[in-house]
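Which chain is which? The protein sequence lines are A and B, in order. Those letters in the first sequence? Residues 1 to 201, by the UniProt record's numbering. Those letters in the second sequence? Residues 1 to 201, by the UniProt record's numbering.
Treat the hints loosely; a few may be bogus.
Intra- or inter-copy, both count: the list cannot distinguish identical chains.
To be verified - Lysine-lysine pairs mimicking BS3-like chemistry, simulated, CA-CA at most 27 Å apart:
no.: 1; residue 1: LYS183; residue 2: LYS194
no.: 2; residue 1: LYS186; residue 2: LYS28
no.: 3; residue 1: LYS16; residue 2: LYS32
no.: 4; residue 1: LYS13; residue 2: LYS103
no.: 5; residue 1: LYS28; residue 2: LYS103
no.: 6; residue 1: LYS62; residue 2: LYS13
no.: 7; residue 1: LYS16; residue 2: LYS194
Bear in mind the hints are in silico, worked out from the structure with no lab data behind them.
2 protein chains.
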Amino acid sequence: MTDEDDAARHREKMAKRKAVQDAEVAGKTIEKGLLMVHTGSGKGKSTAAFGLALRMLGRGRKVGVVQFIKGAWSTGERGLLEAYAMLEWHSMGEGFTWETQDKARDIAAARRAWEQAMRMMADPALGLLVLDELCIALRYDYIPLEEVLSGLAARPAALHVVVTGRNAPQALLDVADTVTEMKAVKHHFAAGVKAQQGIEF
Amino acid sequence: MTDEDDAARHREKMAKRKAVQDAEVAGKTIEKGLLMVHTGSGKGKSTAAFGLALRMLGRGRKVGVVQFIKGAWSTGERGLLEAYAMLEWHSMGEGFTWETQDKARDIAAARRAWEQAMRMMADPALGLLVLDELCIALRYDYIPLEEVLSGLAARPAALHVVVTGRNAPQALLDVADTVTEMKAVKHHFAAGVKAQQGIEF
């Protein structure tokens with residue numbers, strides 16, 4: 001095969017691919033507020049939500065963040081986001097994890113966070129709401145799943161929502177528009193590497 | 001079971017979990033520059049790399065980005081990152097995809113991008129290098145895999161690298177410290193939803 005043949009074949013293949021791509025793009029016409037879920041045991045669930053928040057802020061739209069677990073995002077990231085006046089951030093503060101060891105306090109904190117999320121969903125100016133680590137609160141039954149599902153269903157039609165956290169319940173996946181499983185194929189923690197600045201925090 | 005019993009059981013369970021967690025953290029002592037791969041057909045590969053870049057910049061470290069395919073990151077995101085003096089960004093410009101339909105030009109562009117990546121890896125000030133969509137260039141054999149593997153292996157020991165793109169070659173996964181597969185469990189494109197501002201671009 002000559003170089004010319006190869007180049008011609010490549011051109012033909014890519015022209016076909018472009019035609020398929022163009023047809024696919026043309027076939028997509030719906031605009032709607034998406035319910036996106038980032039789940040799985042791999043890295044990148046909150047980091048990708050953080051990237052989305054910045055993309056939306058970069059487009060001049062208002063973004064809300066409710067952090068259901070303390071420390072999932074570093075204060076460095078929070079600082080970066082808070083440089084935008086269009087960001088409204090709420091953290092559970094003390095958060096809940098194995099650190100608090102107080103179930104009643106954890107439930108009260110999860111409840112407050114969810115109520116905050118409901119208030120923000122009612123804000124017609126909001127473009128994106130990040131419910132970071134909400135899946136953890138659902139997993140521990142700190143907030144009833146039915147309440148979360150009906151709250152999400154009743155949100156403004158154009159509002160995008162990202163829910164993050166491991167072990168997303170199936171009923172949430174069922175109603176989501178997009179579900180990405182961040183799957184840990186290999187993780188450096190397993191090889192004894194510690195959390196490092198700029199990577200984990 | 002009384003509420004007191006339940007609270008006590010919760011406390012005990014969480015205390016155990018915290019002990020496990022603390023032991024795990026104590027067992028991780030290695031510090032090293034990580035080779036991280038974000039692959040799979042789901043969303044969030046580049047978005048999570050973008051989030052990592054911001055985290056590293058937020059920590060005052062220098063970040064390099066080489067974009068192997070045009071348009072993978074929006075100009076909005078690039079603008080956000082370029083607000084940091086500590087960012088060095090290189091894009092292949094015309095990029096390669098089914099858009100160019102010119103294999104020789106694509107190969108030359110991929111080659112230039114890889115040479116740029118090699119130059120940046122030699123910069124001792126660099127904390128993180130993002131090689132966005134490098135996997136695509138490898139998949140099309142535009143850059144020899146062996147050259148990429150030996151280039152990455154020869155980088156400074158403390159330099160973190162993130163490689164993104166679908167279909168990461170197995171030999172790259174084998175030498176990576178961390179591999180996350182962004183798996184598309186469900187994608188709104190399949191339901192006819194178009195790319196929307198603030199989400200896809």
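Hints versus structure:
no.	hint	result
1	LYS183 with LYS194	both (20 Å within a copy, 26 Å between copies)
2	LYS186 with LYS28	between (35 Å within a copy, 16 Å between copies)
3	LYS16 with LYS32	neither (30 Å within a copy, 44 Å between copies)
4	LYS13 with LYS103	between (60 Å within a copy, 11 Å between copies)
5	LYS28 with LYS103	neither (46 Å within a copy, 29 Å between copies)
6	LYS62 with LYS13	neither (42 Å within a copy, 40 Å between copies)
7	LYS16 with LYS194	between (47 Å within a copy, 21 Å between copies)
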